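Knowing the structure of chain A, use the given hints to seat chain B on it.
Listed here are the chains, written in short residue letters.
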Amino acid sequence: MGEIDLALVNWSRAQFALTAMYHWLFVPLTLGLSFLCAFFETIYVKTGNEEWKHLTKFWMTLFGINFAIGVATGIILEFEFGTNWSNYSWMVGDIFGAPLAVEGIVAFFLEATFFAVMFFGWDRVSKGFHLFSTWMVAVGSNLSALWILVANGWMQYPTGMAFNPDTVRFEMQNFWEVLFSPVAIAKFTHTTSTSFLVAVMFVFAVSSYYLIKRRHVEMAKRSILVASVFGLISFVYAGLTGDESAYNNARIQPMKLAAYEGLYEGKRGADLVAFGVMNPDKTVGDGQDPFLVEVAIPKGLSLLGKRQFDAFIPGVNDLVYGNAEENIVGYDQKIERGKQAIADLSAYKDAQKAGDAGAAEIALAQFKENQEFLGFGYLQKPEDGIPPVQTSYYSFHIMVYLAVFFGLLCLAYLVYGIKDTIEEKRWLLPFGVISFFLAMIASQAGWVVAEVGRQPWAIQNMLPVGVATSNLAAGNVMTTFWMFAILFTLLLLAEIKIMLNQIKKGPEGA
Amino acid sequence: MIGSLDTAVLQQIWWILAATVGSLFLFLTFVQGGQTLLWQVARNDTEKSLVINSLGRKWELTFTTLVLFGGALFAAFPKFYATSFGGAYWVWILILFTFIVQAVSYEFRKKPNNLLGARVYEIFLFINGSVGILLIGAAVGTFFTGSNFTLNQFNQVTWTHPLRGLEAAFSLFNLSLGLFLVFNARVLGSMYLLNNIDFALAPEMEMRLRRSCLISLACALPFLLYVLASLLLMQGFSFDENGVVSLVSGKYLANLLAMPAVLILLLAGLVLVVWGVILTAFLGGFRGIWFGGLGTVLVGLAVFFTAGFNNTPFYPSKADLQSSLSIFNASSSHYTLTAMTYVALVIPLVLAYIAYVWYLMDGRKIGAEDISDTKAY
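Quick mapping for you: the protein sequence lines, in order, are chains A and B. Be aware that the first sequence starts at 8, since it is given in my numbering, and climbs by one per residue. Be aware that the second sequence starts at 162, since it is given in my numbering, and climbs by one per residue.
Only chain A is shown next, with the shape it has when bound in the complex:
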């Protein structure tokens, strides 16, 4: 399938990372704040207290500013699979296109239709219908997350499909397996629950700022109380689903787990590094200790990954070079068999073209013997199968440390919120103000773990990014990368300015 143009691959990766990360600056807030607005408005409708209506409208104004730029940065992602990853789109479009289309049909229209009611319908529809609309915006946003995360989960764990050598693509065999794959479920639940936390931190940040300034005190306290309950529930849920994600990684993406745990040499009863500084010079197979400093929980990683104290957790070395004792086939052997599969597939296509049915049948039979290694055939050397270990390690650990902080903060805000003493805790409020920025970092870091940790695969073990790109000159992608970088940065700056201005104005401006 031609030579791989590394500059093109890297610019395409960079562009996807850029656009996805920009989009992700806004999505978690949409996912979580939509529910918070629905909670606030429900309380208003139940109590009939106009102050809750005021409060709801204030948060909705901020929601709207964020929503617009979320939509703007989102459209490119829908089409970028085609523009920049057209080989990918062809090879897996039969499976991957479906969730995107379903997302459009069942989720986007809910959001778009009811968003207009939520914003402009206060005196055009009944109170009840308005509340219903607000809930529909929340449901629609989160349904949209469901479908796109099903698609992402499928890339991590391709299931419910088979390769068709005649069409040279992967084809769907079972829709339900795609939808209910354990990875898809863990992805959806973990991503949404952590996004709720991001939104809770946003409410904390704005409300804490008001409390520090002693402005809009009642509104801030009310917001904090609702948000901290939501935050604490989301925190517990995020923890459980995070654990499930790690468990899935151990079974399905062991290389990713090894990378974000910094585990080079696999072992039984593997320790979990609670805190560590990695050795920046470490390379695979060089025998150096991967850590300069480490504090580890004995057997913690085996427990996390396999839910047994003495289970074997493979390290990067075992996966790349194989481990006969533990029955692990190394990438070196997989690459060899993959190259054979590619050659047999080409022979099959050539024989078909020449009308030689006998030769085609033989080539196809040979291909089927090695077809599960097809993707490995595109790797040049075993080490190409290793993701950036340090990036994965630090991203994962930053995410976890911050998550603990969010849990404690939710607890503290809830306790002081109930006691109605939160405005006196002047030492605590600055933590609330910075919590949103930390939450953004944690949320982005989570995606870095998920996506950098699975490199070089566009589809786990089946399609490396190198053969997934469009057939473009790298200069085109470089140009669009900078176009997006400049435009999105401008829009982000505008959004921040507008948002800050609106927060400064407070609920009177809403």
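If you are wondering where the hints come from, they were derived from the structure by calculation, not from laboratory data. The structure displayed is predicted, hence computed values, not measured ones. One should not assume that every hint holds.
Said to hold, decoys possible - Estimated spans, in silico, between C-beta atoms of each pair:
| # | chain 1 | residue 1 | chain 2 | residue 2 | range |
| --- | --- | --- | --- | --- | --- |
| 1 | B | Leu510 | A | Ile510 | 46 to 54 Å |
| 2 | B | Ser410 | A | Gly362 | 31 to 39 Å |
| 3 | A | Ile369 | B | Ala169 | 41 to 49 Å |
| 4 | B | Gly278 | A | Glu225 | 29 to 37 Å |
Glycine included, each C-beta is placed from N, C-alpha and C at the ideal position.
The following block gives chain B in isolation, referenced to the frame of chain A:
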């Protein structure tokens, strides 16, 4: 039940569904048309606010319909999605750009401290309504004029023109189709605004809208006539029972004659649009959008059906005829088409709630209280 249908039937169903979504999008471009009319019909801040707030309640549906159009094509015809988006790179990227800047403009335009100033966001809206729609028209034009690509034995696309899709805008036919869509969107935009705004605050704007509706149709007509005449006379792409593609004279005329229902859709659609304009410009009516909108949908359907049915490859390649894509060689597998058809069964429900919400929201026209509200755009 659906699973027992032939693949060929499912492929046709999905072409009809994709065509329907595409045609609804063309109707919903009244938002883009309205955006390009802003400076022309609204002379002061009040009038501008009325226009923006009227369009601002609808823009997301147009946007979402475009996204669904992309998603539906991806799911049902992934080879087209991969070939066209990955091949005609620049034309799609530029279209997307115009929609990215549109998406923030309504929300940001009037907000204090918005970095770029209201004027820039208005320019964004204008670019989306003009350049965006023009390029979409040019891209649709290539369904008839063909594109410059080849596919290898692994179905990977190579684009053979250095402009990567932008060359489509330099064909007179494609350009005319694009300009027709731009002016048609303005026709629809005028009709929609007339229908949606309470002109108590802006009596003069009503007259301007009626005039712009007529002028826009007058501007659209030459391009439409050129497109129609070319379409009937040009060589078209055709495939035989073995899937071998060749150029055939009068192919699209033959398609219309072979599918009289499509011809009727086309003519009825054109009549409806013109009637909508007459109603609006000469009879003082406010309901022109109903006719113009329905007419546009019918014309859109006729265009897509002519491009994709009757042994016609809908995404032909000029560079290599045999790489041309038809609904039969570009589609998803039988399984995926079946699964997606089940999903598509909810579409009537979606249309129903959209219609119901519009009915509720548009019960009262956009007036003074809507532009003084702090939530207003």
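- Pairwise beta carbon distance, B:Ser410 to A:Gly362, judged against the given window 31 to 39 Å: At 33 Å between Cβs, range holds.
- Do the Cβ positions of A:Ile369 and B:Ala169 conform to the proposed distance bound of 41 to 49 Å? 32 Å, violated
- Query: So the hint says 29 to 37 Å: do the beta-carbon atoms of B:Gly278 and A:Glu225 match that?
  - Reply: 36 Å, holds
- Message: Against the range 46 to 54 Å, how does the distance between the Cβ atoms of B:Leu510 and A:Ile510 compare: consistent or not?
- Response: 39 Å, violated
In summary, the numbered hints that this structure violates are 1, 3.
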